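There are 2 protein chains.
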Amino acid sequence: MQLWFDFASTYSYVAVLRVFALPPEALPASGIEWKPFLLGPLFNEQSGLRDSPFNVFPVRGRYMWRDLERLCAKLGFPWRKPGVFPRHSVLAARVACALERDPLLPEFVRAAFLANFAEDRDISDPAVLASLLPGLDEAIQRATSPEVKAKLRENTDEARRLGLFGAPSFIVGGELFFGQDRLDDALEWADDLKS
Amino acid sequence: MQLWFDFASTYSYVAVLRVFALPPEALPASGIEWKPFLLGPLFNEQSGLRDSPFNVFPVRGRYMWRDLERLCAKLGFPWRKPGVFPRHSVLAARVACALERDPLLPEFVRAAFLANFAEDRDISDPAVLASLLPGLDEAIQRATSPEVKAKLRENTDEARRLGLFGAPSFIVGGELFFGQDRLDDALEWADDLKS
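So the protein sequences, as listed, match chains Y and Z.
117 is the number that numbering that gives the first Met the number 0 gives to position 118 of the first sequence; each next residue is one higher, with no gaps.
143 is the number that numbering that gives the first Met the number 0 gives to position 144 of the second sequence; each next residue is one higher, with no gaps.
These are computed hints drawn from the structure, not numbers from a lab.
Keep in mind the model is a prediction, meaning the values are calculated, not measured.
Any given hint might turn out to be false.
[Stated by the list, open to error] Listed below are several chain Y residues computed to face chain Z (Cβ distance under 10 Å; list not exhaustive):
1) V55
2) L175
3) D180
4) E187
Ideal Cβ positions, reconstructed from N, Cα and C, are used throughout, including at glycine.
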């Protein structure tokens, strides 16, 4: 199962913590493929937006902030409304791309989301990212290399081709499921594919 | 629990059938208050749209149609993509307003949604609405009276005041839950209020 996320996305935070809270037997046999991408270009192309829809449309924003607080309370997840929203997520996404084949990747994803949405730390600051886990220095250095920058652009291109319009999104057997609400549906779909 | 819906809304269809499929003990003690309103004015005021976002933003639309088909298959609900989307839902919403204190209301809501999304019938046609259930003639006649027209406008005004931006939406103890995905959360909230 692919989990497509943007480090600035509030509901991606919930989805990622929910995946980490799953018992091992609930995970798809093929595991989770972590797919960082950038929502901004897709929002801009698809809807002409230059900011998060939660900022552009305040009625939606008010609901989202209350919903996040309520969801995290229900699920037992830490939550602090970020002082800046959306956080600039490009560097963190590039670090995730640099870690593509590294066993540190899942833990980095989790730690960067917690830094943004539980600790209100600035994940666009390389020093903040470096402090999240030991062993990230090399990935943070490579994050601004042409190869890694290209990798994030390719991910965003792939997201566009897959018909994504928001995050989190799950891809299972060619099917798109949008939103943290649909994690269980995506997992069921993965389970049905096995049998 | 209030269930706010627009007869043109695909996910409202799913929410309504899900409510009808609930076992009696899962329903809130206070029952369901059926709240018809019009999404169009809110979409227009909040986002400047003059059509369904699923038409304006084709990437979202493609996902929604596939999602509806998949959701209905999973839930065992009948589904036929309407030939016209969104259907003009004003008349059906007015009939629902005219039935506000009538025991026929829930069955009318269900039948009108099925007509639109399972039978591809034109619910803007009074003859189609009259054929849904016996005993609707008087409500259909009153639907275009100034009182009933005003009632639907008042509902849409109330939806705006409550911070609604889409349908279905649930209101429980002053809390807003948006989307059919959140029916269970809304029911849990209602249950917690009891205790």
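These are the hints, each one checked on the structure:
no., hint, in the structure
1, V55, "holds (8 Å)"
2, L175, "holds (6 Å)"
3, D180, "holds (4 Å)"
4, E187, "holds (8 Å)"
In this structure, every one of the numbered hints holds.
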